[in-house]
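S.K.: Starting from the known structure of chain A, arrange chain B on it as the hints suggest.
2 protein chains.
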Amino acid sequence: MSQLKKTLLGSIAPLMLSGMLIAQVAPVNASEADQKQYARFTQDNELLTPRNYREWMFIGAQVTPKDMNDGKPAFPEFHNVYIDPVSWAHWKRTGEFRDGTIIVKELTGVGAKQSASGNGYFQGDFNGIAATVKDSKRFADRMENWAYFTFDSYDAKKGNIQDDEACAACHKANAEEDMVFSQHYPVLRAAKPGK
Amino acid sequence: MSQLKKTLLGSIAPLMLSGMLIAQVAPVNASEADQKQYARFTQDNELLTPRNYREWMFIGAQVTPKDMNDGKPAFPEFHNVYIDPVSWAHWKRTGEFRDGTIIVKELTGVGAKQSASGNGYFQGDFNGIAATVKDSKRFADRMENWAYFTFDSYDAKKGNIQDDEACAACHKANAEEDMVFSQHYPVLRAAKPGK
Numbered sequence: 000m001s002q003l004k005k006t007l008l009g010s011i012a013p014l015m016l017s018g019m020l021i022a023q024v025a026p027v028n029a030s031e032a033d034q035k036q037y038a039r040f041t042q043d044n045e046l047l048t049p050r051n052y053r054e055w056m057f058i059g060a061q062v063t064p065k066d067m068n069d070g071k072p073a074f075p076e077f078h079n080v081y082i083d084p085v086s087w088a089h090w091k092r093t094g095e096f097r098d099g100t101i102i103v104k105e106l107t108g109v110g111a112k113q114s115a116s117g118n119g120y121f122q123g124d125f126n127g128i129a130a131t132v133k134d135s136k137r138f139a140d141r142m143e144n145w146a147y148f149t150f151d152s153y154d155a156k157k158g159n160i161q162d163d164e165a166c167a168a169c170h171k172a173n174a175e176e177d178m179v180f181s182q183h184y185p186v187l188r189a190a191k192p193g194k
Numbered sequence: 000m001s002q003l004k005k006t007l008l009g010s011i012a013p014l015m016l017s018g019m020l021i022a023q024v025a026p027v028n029a030s031e032a033d034q035k036q037y038a039r040f041t042q043d044n045e046l047l048t049p050r051n052y053r054e055w056m057f058i059g060a061q062v063t064p065k066d067m068n069d070g071k072p073a074f075p076e077f078h079n080v081y082i083d084p085v086s087w088a089h090w091k092r093t094g095e096f097r098d099g100t101i102i103v104k105e106l107t108g109v110g111a112k113q114s115a116s117g118n119g120y121f122q123g124d125f126n127g128i129a130a131t132v133k134d135s136k137r138f139a140d141r142m143e144n145w146a147y148f149t150f151d152s153y154d155a156k157k158g159n160i161q162d163d164e165a166c167a168a169c170h171k172a173n174a175e176e177d178m179v180f181s182q183h184y185p186v187l188r189a190a191k192p193g194k
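From first to last, the protein sequence lines are chains A and B. Using numbering that gives the first Met the number 0, the first residue of the first sequence is number 0, and each one after it goes up by one. Using numbering that gives the first Met the number 0, the first residue of the second sequence is number 0, and each one after it goes up by one.
To be clear, the hints were calculated from the coordinates, so they are not data collected in a lab. Cβ atoms here follow ideal geometry from the backbone N, Cα and C, with glycine treated the same way. Mixed in with the good hints, there may be bad ones.
[Unchecked claim] According to the in silico footprint, chain A covers these stretches of chain B (three or more CB under 8 Å from chain A):
no.: 1; stretch: 63 to 75
no.: 2; stretch: 129 to 141
no.: 3; stretch: 146 to 157
[Claimed, not checked] Derived pair list, reagent style EDC-like, types lysine to aspartate or glutamate, alpha-carbon separation capped at 20 Å:
no.: 4; chain 1: A; residue 1: Lys112; chain 2: B; residue 2: Glu175
no.: 5; chain 1: B; residue 1: Lys112; chain 2: A; residue 2: Glu143
no.: 6; chain 1: B; residue 1: Lys112; chain 2: A; residue 2: Asp98
no.: 7; chain 1: B; residue 1: Lys112; chain 2: A; residue 2: Glu175
no.: 8; chain 1: A; residue 1: Lys191; chain 2: B; residue 2: Glu175
no.: 9; chain 1: A; residue 1: Lys191; chain 2: A; residue 2: Asp69
no.: 10; chain 1: A; residue 1: Lys35; chain 2: B; residue 2: Asp69
no.: 11; chain 1: A; residue 1: Lys112; chain 2: B; residue 2: Asp66
no.: 12; chain 1: B; residue 1: Lys91; chain 2: A; residue 2: Asp177
no.: 13; chain 1: B; residue 1: Lys65; chain 2: A; residue 2: Asp66
no.: 14; chain 1: A; residue 1: Lys65; chain 2: B; residue 2: Asp66
no.: 15; chain 1: B; residue 1: Lys191; chain 2: A; residue 2: Asp124
no.: 16; chain 1: A; residue 1: Lys191; chain 2: B; residue 2: Asp124
no.: 17; chain 1: B; residue 1: Lys191; chain 2: A; residue 2: Glu54
no.: 18; chain 1: B; residue 1: Lys104; chain 2: A; residue 2: Glu175
no.: 19; chain 1: A; residue 1: Lys91; chain 2: B; residue 2: Glu54
no.: 20; chain 1: A; residue 1: Lys112; chain 2: B; residue 2: Asp69
no.: 21; chain 1: A; residue 1: Lys112; chain 2: A; residue 2: Asp124
no.: 22; chain 1: A; residue 1: Lys91; chain 2: B; residue 2: Asp124
Chain A with its partners taken away, still in its complex shape:
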């Protein structure tokens, strides 16, 4: 065998091996992707402020305007609600919220009540975010294992965990699907398996 031929064989074999490695690695990566966590925490179990959530999966919007709530709605005013993409994929597959599910509610003021499309409520500027995370290990002592967080500002590094009475109790009493107000989220309902 010539030296050239040996070198070529030496070149091809690892390329094939490399190809095999890619083929073998891919499923591992897919599995890792399935496990990706969007809720990130400090060492003291404090939720880091979610970022880039506007590019997650939108599941619904509602509006509780000031002028329908004596000027002081609990959550002013539009609520744009997002779920992280891996938990969304899990929901579509199982109809359940996985451990690690994070849902962000972004509040937006009413910017106008009239536009070319008619009378109504139209979004103005952002008012801040709130978030909830489900985790049966991290939040084993929380109601249905969901913890709720407020944030002092968009610049806050981390959230403020809320007592169960502040958020969870109301979700438990009124939300239709595992503490989530699916009754207001047609996008979520339509994607549930078997629907």
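M.R.: Using the frame of chain A, we list chain B on its own:
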């Protein structure tokens, strides 16, 4: 040099080359991804009904309720608005809507006017979709190169193109950003370069 050492060297070089190939191929793939078109047409230039748009990029929601529009809003009632992901990436990079941009407006009825979060408007069930596509070649004769489509149902295979007077004229007169009502879309505004 031992045979083993030669083989090892032969193994390393193509792996390095392979790494270089990956590095060179990636931009080509990225470029192809940049060109991906989500608006798809029949041979007769009719827009095929968009699918899977709920997993595109959400840019805003407004509500024109029946009870604020004499029972007959032009678009009943919530409008959930989505842009295709590649046009979204282009918007973030350039602040412009590329050729091929498709924006889908999904209408959703008001399901409730009261919930645990207060009084307001809460989404019920889907009412159908409308869409608009910008294309300077395909729609060279359309106002600002945007064409507007309605759909008879979710099952419709294709859309019904609308006269400029039906949709485009109003968008031209009232929308703040290239025929798009960005004044109602804080998500869109916040992502514009330089904002």
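S.K.: Determine for every hint whether it applies to the structure shown.
M.R.: Going through the hints against the structure:
Closer than 8 Å: that is the beta-carbon criterion, and the stretch 63 to 75 of chain B has 7 residues meeting it against chain A, so the requirement of 3 holds. Against chain A, the stretch 129 to 141 of chain B contributes 0 residues with a C-beta closer than 8 Å to a partner C-beta. That does not satisfy the three-residue criterion, and the hint is violated. With 0 residues having a Cβ less than 8 Å from any Cβ of chain A, the stretch 146 to 157 of chain B misses the three-residue criterion, and the hint is violated. For the given pair, Lys112(A) sits about 17 Å from Glu175(B) by alpha-carbon distance, which is consistent with the 20 Å threshold.
Among the hinted pairs, Lys112(B) with Glu143(A) is inconsistent with the structure: their alpha-carbon atoms are about 27 Å apart, more than 20 Å. A hinted pair counts as satisfied when its Cα atoms are at most 20 Å apart, and Lys112(B) with Asp98(A) does not qualify at roughly 32 Å. Proposed proximity of Lys112(B) and Glu175(A) is supported: the alpha carbons are some 17 Å apart, at most 20 Å. At roughly 37 Å between alpha-carbon atoms, Lys191(A) and Glu175(B) are farther apart than 20 Å, so this suggested pair is violated.
Taking the CA atoms of Lys191(A) and Asp69(A), the gap is about 36 Å. The hint is violated against a cut of 20 Å. Of the pairs offered as hints, the one joining Lys35(A) and Asp69(B) is violated, with about 48 Å between alpha carbons and a cut-off of 20 Å exceeded. Pair hint Lys112(A) plus Asp66(B) holds up; C-alpha atoms about 13 Å apart against a cutoff of 20 Å. Our distance criterion of 20 Å between C-alpha atoms is broken by Lys91(B) and Asp177(A), whose separation comes to about 35 Å.
The straight-line distance between the Cα atoms of Lys65(B) and Asp66(A) is roughly 18 Å, inside the 20 Å bound, and the hint therefore holds. Restraint check for Lys65(A) and Asp66(B): the C-alpha separation of about 18 Å stays at or below 20 Å, so the hint holds. A C-alpha spacing of about 14 Å is found between Lys191(B) and Asp124(A), which places the hinted pair at or below 20 Å, so the restraint holds. With a C-alpha separation of about 14 Å, the suggested pair Lys191(A) and Asp124(B) falls inside the 20 Å cut-off, and the hint holds.
At most 20 Å may separate the alpha-carbon atoms for a hinted pair to count; Lys191(B) and Glu54(A) meet this at roughly 14 Å. At most 20 Å may separate the alpha-carbon atoms for a hinted pair to count; Lys104(B) and Glu175(A) exceed this at roughly 26 Å. At most 20 Å may separate the alpha-carbon atoms for a hinted pair to count; Lys91(A) and Glu54(B) meet this at roughly 12 Å. With a C-alpha separation of about 15 Å, the suggested pair Lys112(A) and Asp69(B) falls inside the 20 Å cut-off, and the hint holds.
Taking the CA atoms of Lys112(A) and Asp124(A), the gap is about 14 Å. The hint holds against a cut of 20 Å. Under the criterion of a C-alpha separation no larger than 20 Å, the hint pairing Lys91(A) with Asp124(B) is consistent with the structure, at around 18 Å.
The structure does not agree with the numbered hints 2, 3, 5, 6, 8, 9, 10, 12, 18 stated previously, though it agrees with the rest.
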